[in-house]
Each structure stands twice: as C-alpha cells, then as structure tokens.
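Participant: Protein chains in written order, with our numbering: chain B, 1 to 113; chain D, 1 to 110.
Don't take each hint at face value.
[Said to hold, decoys possible] Computed Cβ-Cβ distance ranges for the label pairs, DEER-style:
1. D/V80 - B/E62: 37 to 45 Å
2. B/N73 - D/A78: 37 to 45 Å
3. B/G40 - D/T20: 19 to 27 Å
4. B/G98 - D/A69: 22 to 30 Å
5. D/N52 - B/K17: 45 to 53 Å
6. B/G40 - D/S12: 12 to 20 Å
7. D/S12 - B/S67: 40 to 48 Å
8. D/D82 - B/G16: 39 to 47 Å
9. D/E5 - B/P106: 38 to 46 Å
10. D/E5 - B/M27: 28 to 36 Å
11. D/T20 - B/K17: 43 to 51 Å
12. B/S67 - D/T20: 26 to 34 Å
13. B/K71 - D/E58: 28 to 36 Å
14. D/H81 - B/K57: 40 to 48 Å
[As the list claims (entries may be wrong)] Restricting the straight-line Cα-Cα distance to at most 25 Å, the calculated cross-link-like pairs of lysine-lysine (DSS-like) are:
15. D/K97 - B/K65
16. D/K97 - B/K57
17. B/K57 - B/K71
18. D/K97 - D/K3
Everything labelled a hint here was simulated from the structure, so no lab data went into it. Cβ atoms here follow ideal geometry from the backbone N, Cα and C, with glycine treated the same way.
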Amino acid sequence: EAQVTQNPRYLITVTGKKLTVTCSQNMNHEYMSWYRQDPGLGLRQIYYSMNVEVTDKGDVPEGYKVSRKEKRNFPLILESPSPNQTSLYFCASSFLTGTNEQFFGPGTRLTVL
Amino acid sequence: ELKVEQNPLFLSMQEGKNYTIYCNYSTTSDRLYWYRQDPGKSLESLFVLLSNGAVKQEGRLMASLDTKARLSTLHITAAVHDLSATYFCAGDQGAQKLVFGQGTRLTINP
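Whenever a hint applies, use it, and build me the whole structure from the sequences.
Facilitator: As structure tokens, then:
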C-alpha cells in the first residue's frame with residue numbers, strides 16, 4: 001500500500017531532551033516536507049526537501065533540523081525541544097512532476113513539558 | 001508571497017442543504033488543492049485543480065477554479081452527516097510549496 005508513515009504517533013517529552021520524528025514514504029517521491037498544525041494558525045511548513053541531500057527552510061524552521069540521506073526517509077530532529085514546539089506534526093511527500101499532489105502521513109502529536 | 005483565505009471558517013448546516021466554501025488567494029498560483037481532515041486525523045487529498053475553469057466532482061462535492069478572480073470554490077450538494085470535517089484549500093507558491101488556508105470546519109446536522 002502506498003503510504004507515508006510517521007513514528008512515533010504520540011510523544012510526551014521534557015524541555016531540552018533531543019528527539020527525532022521519523023518519516024518514510026514508499027512511493028518513490030522526490031519531494032518531502034514537514035508541517036506543523038496549530039489551532040488558529042493552520043498548517044505551516046517547517047522544512048522541505050526536493051531530493052536526496054537537498055533540504056531547505058520553510059516558514060517556521062527555527063528549532064528544527066532535518067536530513068535527507070535516503071530518498072524514502074526524511075526525519076525531523078528537535079535538538080532541544082521547548083514548550084512552544086508542542087504541536088501536531090505532519091510529513092508529506094509528492095512527485096516533482098505531474099499534479100504535485102502531496103500525500104500526508106498520519107501525524108505525530110508532540111507535547112513538550 | 002501567496003496568502004490563502006477561506007470563508008467561512010465555521011459552517012453548520014442541515015442535511016440535505018447545499019452550500020459553498022470559498023477560497024481566495026492573493027497572487028498567482030499554478031494550481032489549487034482541496035484537502036479534508038477529520039478530527040485527530042491526517043489530511044486526505046480531495047481535488048487538484050490545474051487550470052482556469054477546472055471543475056472536478058466527487059460524489060456530493062464539486063470544486064472549481066477561477067484563476068482570473070483568484071478564487072476556488074468547494075460546493076456541497078445535499079449534505080450528509082459523513083461530510084462533517086474540516087476542509088482546507090492550498091495554493092502552490094512555487095517549488096512545491098503549499099500555502100494553506102485557515103480551514104473551514106463543517107458540521108452537518110441531521
């Protein structure tokens with residue numbers, strides 16, 4: 001089944017404790033992206049990648065890191081999480097040609113205490 | 001910079017009625033997307049509109065795009081409870097960057 005997977009789905013952590021949220025897609029998509037969703041603010045892009053070893057900042061990159069060492073994986077790293085990073089995070093992927101329709105993962109609900 | 005605005009943000013309607021959600025965007029967007037999100041769930045792609053005048057229909061939902069007016073609409077015909085969800089439109093700012101509207105929370109009452 002074609003899908004985008006994220007792990008973990010739920011995470012409660014404390015300020016300053018490094019964490020990684022994994023994202024993997026099996027559709028051979030070139031493009032991958034991370035969004036955060038907050039009430040009243042909608043979805044905002046954190047980072048994106050057009051291909052392996054190519055990443056770029058989105059609208060709200062502060063406090064986050066990403067890497068794209070393999071085409072299928074695009075982990076999101078929070079080196080020192082803070083409470084303002086409590087949010088619902090979505091990974092998405094798409095082809096770079098055609099409709100560019102993005103397919104979203106199931107989401108990761110992160111709480112930073 | 002592309003800005004996308006939806007209205008209304010909240011919509012409560014009765015089953016069997018028709019209604020339209022509007023999506024205005026500020027600058028040129030090559031394409032326009034509509035997504036559905038159920039509470040606590042992910043975003044599900046509904047429609048991709050690629051050109052001026054594009055119209056797509058799936059069941060009771062129909063989406064259209066007017067690039068001259070920078071307006072897309074999502075029309076709901078004879079609403080049923082199962083269509084209750086939050087609907088997002090998103091424009092393409094270029095380089096695959098999606099800019100989302102605030103979302104319209106649709107509640108359909110029996």
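Participant: Work down the list of hints and note, for each, if the structure agrees.
Facilitator: Now the hints, each set against the structure:
Checked against the given bound of 37 to 45 Å, the beta carbons of D/V80 and B/E62, roughly 43 Å apart, stay inside it. The supplied range of 37 to 45 Å is met by B/N73 and D/A78, whose beta-carbon atoms lie about 44 Å from each other. Checked against the hint of 19 to 27 Å, the C-beta distance between B/G40 and D/T20 comes to roughly 23 Å, which is consistent with it. The hint said 22 to 30 Å for the Cβ distance between B/G98 and D/A69, and at roughly 26 Å that hint holds.
Between D/N52 and B/K17 the beta carbon distance is about 50 Å. The supplied range of 45 to 53 Å therefore holds. The supplied range of 12 to 20 Å is met by B/G40 and D/S12, whose beta-carbon atoms lie about 19 Å from each other. A hinted range of 40 to 48 Å for the beta carbons of D/S12 and B/S67 is consistent with their spacing of about 44 Å. For D/D82 and B/G16, the Cβ-Cβ distance of about 44 Å falls inside the hinted range of 39 to 47 Å, so the restraint holds.
Range check, D/E5 to B/P106: about 28 Å between beta-carbon atoms, so the 38 to 46 Å window is missed. Distance hint check: the CB atoms of D/E5 and B/M27 are about 31 Å apart, consistent with the given range 28 to 36 Å. Between D/T20 and B/K17, the C-beta spacing of about 47 Å keeps the proposed range 43 to 51 Å intact. B/S67 and D/T20 have their C-beta atoms about 43 Å apart, which leaves the hinted 26 to 34 Å range violated.
In this structure the supplied range 28 to 36 Å holds for B/K71 paired with D/E58, their Cβ-Cβ distance being about 31 Å. Range check, D/H81 to B/K57: about 41 Å between beta-carbon atoms, so the 40 to 48 Å window is met. For the proposed pair D/K97 and B/K65, the alpha carbon gap of about 18 Å is at most 25 Å, so the pair holds. At roughly 11 Å between alpha-carbon atoms, D/K97 and B/K57 fall within 25 Å of each other, so this suggested pair holds.
Simply put, B/K57 and B/K71 have alpha-carbon atoms about 18 Å apart, close enough for the 25 Å limit, and the pair holds. In summary, the hint linking D/K97 to D/K3 is supported, as the alpha carbons are separated by about 12 Å, within the 25 Å threshold.
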